[in-house]
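Enquirer: Got chain A sorted already, so can you dock chain B onto it with the hints?
As a plain string of letters, each chain reads:
There are 2 protein chains.
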Amino acid sequence: MVLQKINASSDVKKLNKDERAELIEDLRQEIISVTKENGGHLSSNLGILETTVALYKTFDFPKDKLIFDVGHQCYAHKLLSGRRELFGTIRTAGGLSGFPNAEESGYDLFTTGHAGNSIALGLGLCAARDKNKEDYYVITVVGDGALVNGLNLEAINASTEKPKKFIVVLNDNGMSISRNRNGFYNFISKATTDKGYLKSKSAIKKLFGKSFIAVFFRKVRDFFKRLINKDQYFERFGFKYVGVVDGNNLEKTAKTLERVKNAANYKAVFLHIKTTKGKGLKNAEERSDLYHSVGKNLKLAGSDECSLGKALSELIDKDDKIVAITAGMKDGTGLDYLDKTHPDNLIDVGIAEEYAVTFAAGMAKGGLKPVVAIYSTFLQRAYDEIMQDVCLQDLPVVFCVDRAGFVGEDGKTHQGLFDLSYTLHIPNMTVLALASKHELKAALCYAISLNRPVCIRYSKSCAGAEYFSDYVNGAWETVKDGTDLTVIAVGANALTLATDFADKYPKSIKVAAARIVKPLDESFLVATHTPVITIEENAVIGGFGSLVNAFCSAHNGNKVYSLGVKDGFVRHGSIKGQLEENGFNIENLTKIADGLLK
Amino acid sequence: MVLQKINASSDVKKLNKDERAELIEDLRQEIISVTKENGGHLSSNLGILETTVALYKTFDFPKDKLIFDVGHQCYAHKLLSGRRELFGTIRTAGGLSGFPNAEESGYDLFTTGHAGNSIALGLGLCAARDKNKEDYYVITVVGDGALVNGLNLEAINASTEKPKKFIVVLNDNGMSISRNRNGFYNFISKATTDKGYLKSKSAIKKLFGKSFIAVFFRKVRDFFKRLINKDQYFERFGFKYVGVVDGNNLEKTAKTLERVKNAANYKAVFLHIKTTKGKGLKNAEERSDLYHSVGKNLKLAGSDECSLGKALSELIDKDDKIVAITAGMKDGTGLDYLDKTHPDNLIDVGIAEEYAVTFAAGMAKGGLKPVVAIYSTFLQRAYDEIMQDVCLQDLPVVFCVDRAGFVGEDGKTHQGLFDLSYTLHIPNMTVLALASKHELKAALCYAISLNRPVCIRYSKSCAGAEYFSDYVNGAWETVKDGTDLTVIAVGANALTLATDFADKYPKSIKVAAARIVKPLDESFLVATHTPVITIEENAVIGGFGSLVNAFCSAHNGNKVYSLGVKDGFVRHGSIKGQLEENGFNIENLTKIADGLLK
Numbered sequence: 001m002v003l004q005k006i007n008a009s010s011d012v013k014k015l016n017k018d019e020r021a022e023l024i025e026d027l028r029q030e031i032i033s034v035t036k037e038n039g040g041h042l043s044s045n046l047g048i049l050e051t052t053v054a055l056y057k058t059f060d061f062p063k064d065k066l067i068f069d070v071g072h073q074c075y076a077h078k079l080l081s082g083r084r085e086l087f088g089t090i091r092t093a094g095g096l097s098g099f100p101n102a103e104e105s106g107y108d109l110f111t112t113g114h115a116g117n118s119i120a121l122g123l124g125l126c127a128a129r130d131k132n133k134e135d136y137y138v139i140t141v142v143g144d145g146a147l148v149n150g151l152n153l154e155a156i157n158a159s160t161e162k163p164k165k166f167i168v169v170l171n172d173n174g175m176s177i178s179r180n181r182n183g184f185y186n187f188i189s190k191a192t193t194d195k196g197y198l199k200s201k202s203a204i205k206k207l208f209g210k211s212f213i214a215v216f217f218r219k220v221r222d223f224f225k226r227l228i229n230k231d232q233y234f235e236r237f238g239f240k241y242v243g244v245v246d247g248n249n250l251e252k253t254a255k256t257l258e259r260v261k262n263a264a265n266y267k268a269v270f271l272h273i274k275t276t277k278g279k280g281l282k283n284a285e286e287r288s289d290l291y292h293s294v295g296k297n298l299k300l301a302g303s304d305e306c307s308l309g310k311a312l313s314e315l316i317d318k319d320d321k322i323v324a325i326t327a328g329m330k331d332g333t334g335l336d337y338l339d340k341t342h343p344d345n346l347i348d349v350g351i352a353e354e355y356a357v358t359f360a361a362g363m364a365k366g367g368l369k370p371v372v373a374i375y376s377t378f379l380q381r382a383y384d385e386i387m388q389d390v391c392l393q394d395l396p397v398v399f400c401v402d403r404a405g406f407v408g409e410d411g412k413t414h415q416g417l418f419d420l421s422y423t424l425h426i427p428n429m430t431v432l433a434l435a436s437k438h439e440l441k442a443a444l445c446y447a448i449s450l451n452r453p454v455c456i457r458y459s460k461s462c463a464g465a466e467y468f469s470d471y472v473n474g475a476w477e478t479v480k481d482g483t484d485l486t487v488i489a490v491g492a493n494a495l496t497l498a499t500d501f502a503d504k505y506p507k508s509i510k511v512a513a514a515r516i517v518k519p520l521d522e523s524f525l526v527a528t529h530t531p532v533i534t535i536e537e538n539a540v541i542g543g544f545g546s547l548v549n550a551f552c553s554a555h556n557g558n559k560v561y562s563l564g565v566k567d568g569f570v571r572h573g574s575i576k577g578q579l580e581e582n583g584f585n586i587e588n589l590t591k592i593a594d595g596l597l598k
Numbered sequence: 001m002v003l004q005k006i007n008a009s010s011d012v013k014k015l016n017k018d019e020r021a022e023l024i025e026d027l028r029q030e031i032i033s034v035t036k037e038n039g040g041h042l043s044s045n046l047g048i049l050e051t052t053v054a055l056y057k058t059f060d061f062p063k064d065k066l067i068f069d070v071g072h073q074c075y076a077h078k079l080l081s082g083r084r085e086l087f088g089t090i091r092t093a094g095g096l097s098g099f100p101n102a103e104e105s106g107y108d109l110f111t112t113g114h115a116g117n118s119i120a121l122g123l124g125l126c127a128a129r130d131k132n133k134e135d136y137y138v139i140t141v142v143g144d145g146a147l148v149n150g151l152n153l154e155a156i157n158a159s160t161e162k163p164k165k166f167i168v169v170l171n172d173n174g175m176s177i178s179r180n181r182n183g184f185y186n187f188i189s190k191a192t193t194d195k196g197y198l199k200s201k202s203a204i205k206k207l208f209g210k211s212f213i214a215v216f217f218r219k220v221r222d223f224f225k226r227l228i229n230k231d232q233y234f235e236r237f238g239f240k241y242v243g244v245v246d247g248n249n250l251e252k253t254a255k256t257l258e259r260v261k262n263a264a265n266y267k268a269v270f271l272h273i274k275t276t277k278g279k280g281l282k283n284a285e286e287r288s289d290l291y292h293s294v295g296k297n298l299k300l301a302g303s304d305e306c307s308l309g310k311a312l313s314e315l316i317d318k319d320d321k322i323v324a325i326t327a328g329m330k331d332g333t334g335l336d337y338l339d340k341t342h343p344d345n346l347i348d349v350g351i352a353e354e355y356a357v358t359f360a361a362g363m364a365k366g367g368l369k370p371v372v373a374i375y376s377t378f379l380q381r382a383y384d385e386i387m388q389d390v391c392l393q394d395l396p397v398v399f400c401v402d403r404a405g406f407v408g409e410d411g412k413t414h415q416g417l418f419d420l421s422y423t424l425h426i427p428n429m430t431v432l433a434l435a436s437k438h439e440l441k442a443a444l445c446y447a448i449s450l451n452r453p454v455c456i457r458y459s460k461s462c463a464g465a466e467y468f469s470d471y472v473n474g475a476w477e478t479v480k481d482g483t484d485l486t487v488i489a490v491g492a493n494a495l496t497l498a499t500d501f502a503d504k505y506p507k508s509i510k511v512a513a514a515r516i517v518k519p520l521d522e523s524f525l526v527a528t529h530t531p532v533i534t535i536e537e538n539a540v541i542g543g544f545g546s547l548v549n550a551f552c553s554a555h556n557g558n559k560v561y562s563l564g565v566k567d568g569f570v571r572h573g574s575i576k577g578q579l580e581e582n583g584f585n586i587e588n589l590t591k592i593a594d595g596l597l598k
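Here the protein sequences come in this chain order: A and B. Under my numbering, residues 1 to 598 are what the first sequence spells out, in order. Under my numbering, residues 1 to 598 are what the second sequence spells out, in order.
Chain A extracted, bound-state conformation (with noise of 0.2 Å):
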């Protein structure tokens, strides 16, 4: 194996041409290997081995700089950067992230995983070395899906002067172009396989043959060619374009890569390769979609019977003006169900959140009632569209807020510990919370029928599916009556540590499911007299027992004890060991309600 003899970057360097194609396949083995083990990105990160080989080879890491937009692409990246040994422990608790992480390594600037902010991260770094007169390379590599993402948009137009040694390399896998609705993208593509020009290319072809006067019109030609191109293109934003290079072609890619090297040294360049996602993996190249994210055993996600598409589904047939709107998590969300029963009430925007809140807002304005599908740390980024456009206006727009809580092994940019805390201060809005997936149909008529701005919260397991409401009103459940201590759970996985809980407390323990989370039912509290414990999988800053505290301070003086994530970014794990480590478990409840009843 070649790659058992890559310790440090400088190590590429050393390979012969032979040596480095067998790099290739070990690279590809072992990312297939550990995914099958531990789950994980499997086709981004097959996609653009050959590539990544390519930059280690040209670029001289950690000196130089790369980043990866969103971050699902660097297995390899970890693999040729000194983290070979702990590959295994990937996605693991204690093992290394499945995204760049600035902690494990100096080869990760940032720990990221939210599209759109490498253009801007680069550019800032740039002033910062330019500013300070260091000289090292900014590389950044950005997929075609996050390329369009707002972030990158506003990098992208910032500035015409872009600054030297930057290479932004786009890696195109036809995501977006599958797609074929995408207005930059379709400027990109398009510009020199237009008909029009084409047509005019083979006219003058025949019109003149190879005579003086064509040699003539050739050259007027291209330089109107190199007028409407996409060199045109990009020279408007301040980048050299190159392009299109074949990505899955080490060779070609690496000698492309000297080229861009030497002209990033008098302005930025922006790279254009494509490449196939799933590379080498027969399943995964067919259906790269499916194999974008996967369970171990490379087990596909998929729509199950408790899925948003599947009771959307039901509610579309009855109510046509329903529509469902997500920012590229169309399988993710399990909305893809929708593509085969009411295809023109789906509508997937790519990776864009906060123009699909807005666009949402503008839909129910005209009488429709969009339903928004995007995870919980996704929808952060449209945080002042959700006030502004939709609870300023008091739109019945409907966030369905998927992975809330504890998402397991993405780590700290992805778990949705914060959706509570970004909400419930926001005028107009209601927020519900599914105690169980069942509920996901009940609550979304409920949402639906209060005409106003709501979000539904959900975590990505199904668990406590043996509770269920019709959310009839905004009462809290009464689970199991008691009398010494009140413990009101948010959530699947709260309510069940609730009542484990109280079975096995001595003391007599009320435990309530506040499914309906804003507005309080501020009767249940005020016919409370005994304290009281919130749990939630949110951070306990800002979250539901905030506001439970501050009612009761300020009505019965009950106390209250919060138990929710303490201030601060919580590290990839499963979603267990995460609840086990936050305190989420009987051990501390106990010592808590101790606390509270002595």
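Certain hints may be false.
Identical copies look the same in the list; a pair holds intra-copy or inter-copy alike.
[Claimed, not checked] Listed below are the simulated DSS-like cross-link pairs for lysine-lysine, each with C-alpha atoms no more than 25 Å apart in a straight line:
| hint | residue 1 | residue 2 |
| --- | --- | --- |
| 1 | K131 | K441 |
| 2 | K591 | K559 |
| 3 | K598 | K559 |
| 4 | K133 | K321 |
| 5 | K133 | K318 |
| 6 | K133 | K240 |
| 7 | K131 | K310 |
| 8 | K131 | K330 |
| 9 | K576 | K480 |
| 10 | K321 | K131 |
| 11 | K131 | K299 |
| 12 | K164 | K321 |
| 13 | K131 | K318 |
| 14 | K131 | K340 |
| 15 | K36 | K441 |
| 16 | K321 | K63 |
| 17 | K340 | K133 |
| 18 | K36 | K5 |
| 19 | K5 | K63 |
| 20 | K510 | K598 |
By construction, these hints were calculated from the structure, which means they are not laboratory data.
Expert: Positioned in the frame of chain A, the structure of chain B alone reads:
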């Protein structure tokens, strides 16, 4: 006065050419005279008079829908849509809003104020219209500054199949062109004036005169021209491009709009108009930036003695690594001061708050000390970037959160009442609140010395000037000692109120200034054995009071009452009136104290 005859939009259609010209004069005089009285956005409103009248002549409002991006150019629209008699009340408590407001008129679809949302809102509205088989035109008016905001760029890019009867009017008043650093705008404006292109045009003319071959050549040229110019550019994004039109020429604009209206029956149209900001008022035309937003008697904003720019200038003198970044708010934040003293240490990225923050994160990683100055309400747009790109990386970026608290006349969209709620729950963030702008430099020194993410919030007014802290440690300052009750104040207005209250209330009251909002001064709270009132100009949910309440609840059990803004959006009015209305007064504090002490 022709204006006197306009009581509904249909009245504009009845006017002849001379009356329309007279109407423009009437509108101009009315806007100048009312703005003299009430303050407001002057130059943006004067620049769009002719285009607004042309829109009213061409379309049928409110059946057709008109959306202004940002909304600081809607005065003429208000005067023409049945709100003429109320216009004198604009920006006063209980009067008309200075921005579009759905509550005051059916002509205003959305209550807006933040830049970048109009194209997404318009597209959503069209989607609803088409699904509901309704028939109306949707027109959005966007300034060149707001056009390149990430949300608008996402919307332009979202789909190549733009809806029919959708018209985007780009009101290009050259505010971005003056910066000349913006790629997108550069693209639009340069495509048909490109030197190379013009050169070829003149070369062809010289070579061939008016001969047959010249005609042929011209056809070829025009064919290529179509490919390269703005038409083509916008075609890629699904728009027909029309322009450039002199938007201050009413009759020409009206005629173009008739054609645009017809064209829009087949395809979405992007209409590019040029206008002069401040048109018709000499001073405002010459310095439209200064006259963008004026106070009563057209008083101009300007750097004051305790401005951010001056403070930073002194700090940069000693440390050149400090770089100030803003997002189109150079004058408002006082950073214009640096234009003269340290232009190389000032970057205005335009209305791109997200980019400003992530760019700063990159700079910080590269070894600089960025200070990002953005108003509280606009910084919301970068919530995710603050969390993911700055705080998760624990990078030394200082945020100067100007206009925090009540901001007075600018309405619901502009109040700075959420920044504590959206920053306090972000791990690694330190939050400071000035008790006076005189503390700004000391707070900046302290913030920079922490070498971590810090927010410094301060209000629009320079109240509380007698207070001063050098922030040497995180301790809260006891401004007045007392034994029965403790009032902890965040910010200048709160501190003034607290001391006034303490002087008048019959019991012995301790007053403390919490300049460091997070982390809490825990030793202060542990040593407190009285009931506590917290005061903050922020939403009570998720604010400082909730932190204090949680701490006291978990420790010494002090009763805590949090005075903040109740769950709702705050209407425009004077800051004094807003404080009064929201219970920031001695009467309310007396009631609260009586309750806590009974």
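Enquirer: Hint by hint, which ones does this structure get wrong, listed from lowest number up?
Expert: Per hint list: 11, 15 violated.
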